[in-house]
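Spelled out from the first residue to the last, the chains are:
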Amino acid sequence: MSIPYLRVQDLSVSFPAKSGGFQAIDKISFDLARGEILALVGESGSGKSMTSLSIMKLLPMAARMGGRIEIEGQDIAGFGRREMENVRGAKIGMIFQEPMTSLNPVLTIARQMTEGLVRHKCVSSREALATARTWLEDVGIPEPNRVLAQYPHQLSGGMRQRIMIAAALALRPGILIADEPTTALDVTVQSQVLDLLVDLKARSGSGILLITHDIGVVAETADRVAVMRGGRILEIGTVDEVLHSPKHDYTKALLASHLTVDRGLRQRELEVAGVRP
Amino acid sequence: MMSEPCLKIEGLRKSFTANRRTVHALNGVSLALGKGETLGIVGESGSGKSTLGRIAVGLDTPSAGELHVDGARIDDLSPQLRREKLRRCQMIFQDPYSSLNPRLTVGRQIGEGLFARGEFDWPAINATVADLLDRVGLKREFAHRYPHEFSGGQRQRIAIARALAPNPRIVVADEPVSALDVTIQAQILDLLAGLKKQGDLSYLFISHDMAVVARLCDRIAVMHRGRIVECGPARAVIENPQHPYTRNLLDAVPRFGRRRTGQKPVPVLLPHHGDADRYMTVAEGHTVLQSAGL
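Those sequence lines, one after another, are chains F and W. So for the first sequence, numbering that gives the first Met the number 0 puts the first residue at 0; every next one is plus one. So for the second sequence, numbering that gives the first Met the number 0 puts the first residue at 0; every next one is plus one.
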């Protein structure tokens with residue numbers, strides 16, 4: 000078996016304090032291969048976002064990290080700022096929940112999209128611009144030339160998230176970390192962005208670490224899923240295994256409390272009829 | 000037949016002007032909320048659903064249209080009289096972190112609603128506050144604490160207690176569970192459903208989440224670009240959607256048993272409705288907005 004693109008082993012993150020401190024992540028391990036979508040699912044405070052920040056080494060100063068993070072077999076856990084600059088973007092791309100805060104409001108889209116290409120791919124700015132234009136087309140943005148000259152505030156939330164995805168994938172990273180990429184979007188736009196992620200994963204061959212609180216999103220898009228709570232991975236497996244025959248009680252509870260449209264209808268009708276569910 | 004509506008809205012319009020551009024948030028919205036009924040308003044951002052809710056509780060004034068509470072028209076009253084009438088309409092907001100005052104004790108901010116209604120005896124107010132905390136599933140002693148001492152779910156319970164304090168007939172809830180984790184969401188939805196059983200309360204429940212609306216609402220009104228495009232009993236709208244926008248919205252909801260293949264769905268052209276468009280009745284109580292040209 001070949002080595003997975005990303006391997007996380009016994010990753011721990013704590014925030015030491017005089018009175019005990021706080022263990023945000025407690026020895027978690029998982030791998031992610033190219034072309035695969037692994038979902039990290041959990042409620043707020045489960046440590047799922049902290050996991051993505053530690054892989055990118057974007058943790059707050061006060062955090063203490065332990066364990067190994069291997070990219071193609073190389074441990075990057077001990078990397079300094081300089082070394083990480085060659086990892087971020089080029090090997091691991093990242094998109095966040097709110098594209099407005101992750102795009103720079105005073106730079107044009109062209110500038111933000113070409114920056115990484117020039118830095119990591121050693122191409123001229125003209126070539127970078129051409130690549131950026133192709134990627135904008137690929138993520139379904141009409142009139143890419145017009146959009147390239149625009150600023151983030153001139154674009155809708157869905158458009159901004161598409162641009163973030165295009166900018167991240169243009170660098171052809173081995174994996175893309177998507178931290179709640181559709182949470183701030185309307186459902187119809189969410190649906191388009193999820194279709195896009197699945198399509199691009201297939202075409203670019205990048206692996207995706209999808210962080211979400213929505214089990215419905217996991218069911219539709221992920222190949223494997225890890226259920227997190229209290230900084231631990233309670234259960235990890237294929238989507239079929241975990242969602243259809245969950246082993247851990249918490250996973251069962253999470254699935255039971257997942258509200259679907261049908262469940263909602265039924266629950267209310269039982270209530271109206273006076274039956275206690 | 001529906002009982003006399005406690006809230007009736009007719010031909011409501013609202014426009015905002017910013018940077019010399021006019022935005023039409025509401026383009027003639029009419030609805031009736033029956034006594035003891037829960038009406039869900041579903042739509043995406045920019046559909047005008049929050050503006051509608053804000054006008055229903057008097058936080059905004061309409062550009063045109065009529066607002067009736069308990070059969071009496073109130074939008075043409077003087078501000079004082081209107082405020083008096085609108086005390087029957089209370090609101091719960093999405094974010095319990097920003098809707099509570101961090102510098103007032105929980106008891107004080109719940110009690111203010113009673114004080115404003117003309118109850119000046121604080122010992123009596125405090126007793127009522129304790130009862131309210133009890134009703135929303137919190138401890139009576141919590142009245143002495145401050146909002147920061149509570150979790151998100153508990154804060155939303157406090158916000159609900161505060162809304163219930165003036166004994167309203169109508170509660171407008173604008174995305175009350177969107178900021179909460181699923182398990183907490185379920186608890187708050189159960190609470191809202193339970194509170195309605197105890198009195199003749201009506202809810203105008205605003206949400207983008209179809210599942211949440213299905214859980215709580217008797218009827219659903221779907222909003223798109225400042226108009227209600229479809230309205231009817233919850234099950235009818237969900238299982239037999241007539242408007243293309245309603246179908247889009249329902250289809251986009253993530254679900255089990257479907258896999259995304261990355262294939263782009265065929266885009267559906269949504270009609271641009273004008274003021275000449277009329278509602279067509281598809282079944283009893285189920286109406287859909289039709290383009291005049293069809």
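These aren't lab readings, by the way, just hints derived from the structure by calculation. All values reported here derive from a predicted model rather than from experimental measurement. In this text, a Cβ means the ideal position worked out from N, Cα and C, and glycines have one as well. Hints are not guaranteed to be accurate.
So the derived label-pair ranges between C-beta atoms look like this [said to hold, decoys possible]:
#, chain 1, residue 1, chain 2, residue 2, range
1, W, Arg19, F, Arg80, 27 to 37 Å
2, W, Ala291, F, Val117, 50 to 60 Å
3, W, Arg20, F, Gly139, 24 to 34 Å
4, W, Asn100, F, Glu84, 41 to 51 Å
5, F, Glu84, W, His147, 35 to 45 Å
6, F, Gly79, W, Arg139, 54 to 64 Å
7, F, Glu142, W, Ser77, 31 to 41 Å
8, F, Ala252, W, His147, 25 to 35 Å
9, W, Thr16, F, Thr107, 27 to 37 Å
10, W, Thr182, F, Gly79, 33 to 43 Å
11, F, Val117, W, Arg19, 34 to 44 Å
12, W, Ser62, F, Val105, 32 to 42 Å
Checked hints:
| no. | hint | result |
| --- | --- | --- |
| 1 | Arg19(W) <-> Arg80(F): 27 to 37 Å | 47 Å, violated |
| 2 | Ala291(W) <-> Val117(F): 50 to 60 Å | 54 Å, holds |
| 3 | Arg20(W) <-> Gly139(F): 24 to 34 Å | 27 Å, holds |
| 4 | Asn100(W) <-> Glu84(F): 41 to 51 Å | 45 Å, holds |
| 5 | Glu84(F) <-> His147(W): 35 to 45 Å | 39 Å, holds |
| 6 | Gly79(F) <-> Arg139(W): 54 to 64 Å | 55 Å, holds |
| 7 | Glu142(F) <-> Ser77(W): 31 to 41 Å | 51 Å, violated |
| 8 | Ala252(F) <-> His147(W): 25 to 35 Å | 28 Å, holds |
| 9 | Thr16(W) <-> Thr107(F): 27 to 37 Å | 29 Å, holds |
| 10 | Thr182(W) <-> Gly79(F): 33 to 43 Å | 41 Å, holds |
| 11 | Val117(F) <-> Arg19(W): 34 to 44 Å | 39 Å, holds |
| 12 | Ser62(W) <-> Val105(F): 32 to 42 Å | 35 Å, holds |
Violated hints, in rising order: 1, 7; the structure is consistent with all others.
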